[in-house]
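Note that the protein sequences, when read in sequence, are chains B and L. 95 is the number of the first residue of the first sequence in the working numbering; add one for each residue after it. 267 is the number of the first residue of the second sequence in the working numbering; add one for each residue after it.
Read the hints as simulated data drawn from the structure, not as lab findings. C-beta: ideal position from N, C-alpha, C; glycine also. Zero decoy hints are in this set.
Computed list of chain L residues with no C-beta within reach of chain B, every gap over 10 Å:
(1) VAL295
(2) PRO336
(3) LEU444
(4) LEU459
(5) VAL470
(6) LEU472
(7) ALA479
(8) LEU485
(9) LEU513
(10) PHE597
Simulated coverage check for chain L against chain B, where a stretch passes if three residues somewhere in it have a Cβ under 8 Å from a Cβ of chain B:
(11) 274–284
(12) 494–503
(13) 545–553
Some, not all, of what chain L presents toward chain B, calculated at C-beta under 7 Å:
(14) ARG360
(15) SER489
(16) ASP507
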Amino acid sequence: MTLLSATGLNASLGTRKVLHDISLSLSAGHLVALVGPNGAGKTTLLRALAGLIPSSGEIRIAGDMLAALPLRERAKRFAYLPQGHMVHWPLPARDIVALGRYPHGATDPARLSQRDLDAVIRAMQAVDVTEFADRRVTELSGGERSRVALARVLAVEAPVILADEPTASLDPRHRIDVMQKLRNVADAGVLVIVVTHDLGLAARFADHVLLLSEGRLVAQGAPREALSEAVMAEVFRISAYRAEYRSEAVIVPWADV
Amino acid sequence: MSVQDFALASEAAARRRWGATAALAALVVLLALISLGIGPVRLSPLTVTEALFGGATDVAQVIVREIRLPRTILAFAIGGILGLSGAALQGLLRNPLASPSLFGAPQSAAFGAVLVISLGLADVRSYALPVVAIIAAFGSVFALLAIAGRNAGLLILILAGLAISSFAGAATALVMNLSSNPFVVLEIAFWLLGSLEDRSFQHVALALPFIVAGAMILLSQASAFRALTLGEEAAQSLGVDVGRLRLLVITGVALGVGGAVAVTGTIGFIGLVAPHLMRPVIGHDPARLLVPSALAGSALLLAADIAVRIIPSTSDIKVGVLTSIIGVPFFLYLIMRERRALGGGVA
Numbered sequence: 095m096t097l098l099s100a101t102g103l104n105a106s107l108g109t110r111k112v113l114h115d116i117s118l119s120l121s122a123g124h125l126v127a128l129v130g131p132n133g134a135g136k137t138t139l140l141r142a143l144a145g146l147i148p149s150s151g152e153i154r155i156a157g158d159m160l161a162a163l164p165l166r167e168r169a170k171r172f173a174y175l176p177q178g179h180m181v182h183w184p185l186p187a188r189d190i191v192a193l194g195r196y197p198h199g200a201t202d203p204a205r206l207s208q209r210d211l212d213a214v215i216r217a218m219q220a221v222d223v224t225e226f227a228d229r230r231v232t233e234l235s236g237g238e239r240s241r242v243a244l245a246r247v248l249a250v251e252a253p254v255i256l257a258d259e260p261t262a263s264l265d266p267r268h269r270i271d272v273m274q275k276l277r278n279v280a281d282a283g284v285l286v287i288v289v290t291h292d293l294g295l296a297a298r299f300a301d302h303v304l305l306l307s308e309g310r311l312v313a314q315g316a317p318r319e320a321l322s323e324a325v326m327a328e329v330f331r332i333s334a335y336r337a338e339y340r341s342e343a344v345i346v347p348w349a350d351v
Numbered sequence: 267m268s269v270q271d272f273a274l275a276s277e278a279a280a281r282r283r284w285g286a287t288a289a290l291a292a293l294v295v296l297l298a299l300i301s302l303g304i305g306p307v308r309l310s311p312l313t314v315t316e317a318l319f320g321g322a323t324d325v326a327q328v329i330v331r332e333i334r335l336p337r338t339i340l341a342f343a344i345g346g347i348l349g350l351s352g353a354a355l356q357g358l359l360r361n362p363l364a365s366p367s368l369f370g371a372p373q374s375a376a377f378g379a380v381l382v383i384s385l386g387l388a389d390v391r392s393y394a395l396p397v398v399a400i401i402a403a404f405g406s407v408f409a410l411l412a413i414a415g416r417n418a419g420l421l422i423l424i425l426a427g428l429a430i431s432s433f434a435g436a437a438t439a440l441v442m443n444l445s446s447n448p449f450v451v452l453e454i455a456f457w458l459l460g461s462l463e464d465r466s467f468q469h470v471a472l473a474l475p476f477i478v479a480g481a482m483i484l485l486s487q488a489s490a491f492r493a494l495t496l497g498e499e500a501a502q503s504l505g506v507d508v509g510r511l512r513l514l515v516i517t518g519v520a521l522g523v524g525g526a527v528a529v530t531g532t533i534g535f536i537g538l539v540a541p542h543l544m545r546p547v548i549g550h551d552p553a554r555l556l557v558p559s560a561l562a563g564s565a566l567l568l569a570a571d572i573a574v575r576i577i578p579s580t581s582d583i584k585v586g587v588l589t590s591i592i593g594v595p596f597f598l599y600l601i602m603r604e605r606r607a608l609g610g611g612v613a
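Input sequences plus hints: build the corresponding full structure.
The following block contains the structure:
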């Protein structure tokens, strides 16, 4: 069942055209990895899909035209996690997570309805951050902070989660941890789109891979097909070691000299 | 953590904030009473209270209600709007160094007023002065928006604000430079220093509606500032119309600060200092900081205005001079403290 689709999507940053005629169709319950070289337009595609930047073409979410939806309604349907988990003021983790309820009208973390409170606590439990709910996010480690950011996104309880490099700057254990949590969210019926440079994580956790190159969608499909040797050689100019470990796909990028 | 723990911790924090805000409000009332009691005839806070409500002697009533009340109301309202504007701009820009003067509105308002004085169009105590100052403040904000464009980043806004405030400063200097009448130049120079002396209910009536309108606009955007804690993109994804928010904040600041500068000249640094004094008590949540920052601004300006009247001196010290003398070292201290963060850029 298609949840999110785009047809003939084009987007520009200033005068530079960043996305060229992108069409895709994604289903609920899938973890989608959006990969591609630096500057391929991954972040722009993510923003365009969430309606955060203007684009031409048609985007549909659960049958509705995105362009026709008011801002509040979009906010309920797309939970967006920007790069870097930026938090500008040292607020307690619980207040950050509670901001996930903002689209639902809960603008004050001190006065949450029972429903909002439940959603916040569910989200915090799902990523294991309840123990530092009262600590300031600026005092947390990178791994802890990324989980708080993830909890904030989960608290929206949106049908689509768009995460821009949620695993960047994390150590291997936390990378796997974050991807595993996103995998669990997808398994619960959410469409999760993750921008990542880690092809190994993409191969292991994703149902579907979108490969962008110079603003065009050059390959998509199951990880092993979308990240085939020919495609990787052409787009990333690398080869890769391919194997299977505990019945999951392993791809280790290897640069040719 | 259970639902109950969560709610309890929230309530404890809320109680602490309310306690602090109530204490601050009490301080503002006390300072207002002291401010009403100070002058050539000193009155105790008790006498002041009686006079305010129609008691005490007729003389005390005239002194308190007709001579001193406008000054105290202006100190309260202008301190408040400056503190509120500072907190709102810091929330909008997510930068603890932002303050109303960042957008060039006060400097432009001052330029408008100076132009009126130097052209001899009106006396410093007439209506024309504040009206032109407010128009100039508005003009500067519209110019800022026109230069920055619709979806401008914060960096562009800050640079445009800097350019506009520099331009307003230079234009003010030019007007003084060209003025052939040394008395006018002296009058302008004193007016620019910022003062609350000899203000009447005329001044209050002219400034207050703008200050109140500005304050209402800024307060109505409180929760959007909280969402902005996550950055503009995330705030937008949560349903905040960031472009509209920016426009509203600039309008609110222009209304409030334009109205304020018009009747007092430039009084600096209250908008910068007030939110900082409140953060250790209230926390860093930009939405919760608005009202306490306004109260802190009121308290600061009332206190400064009391201070200039009791500091022994052969000539009057202007309140704007005092706030700058105290404010600038504080500003430098903040720059030092924020040095590392500032190195990282404006965004």
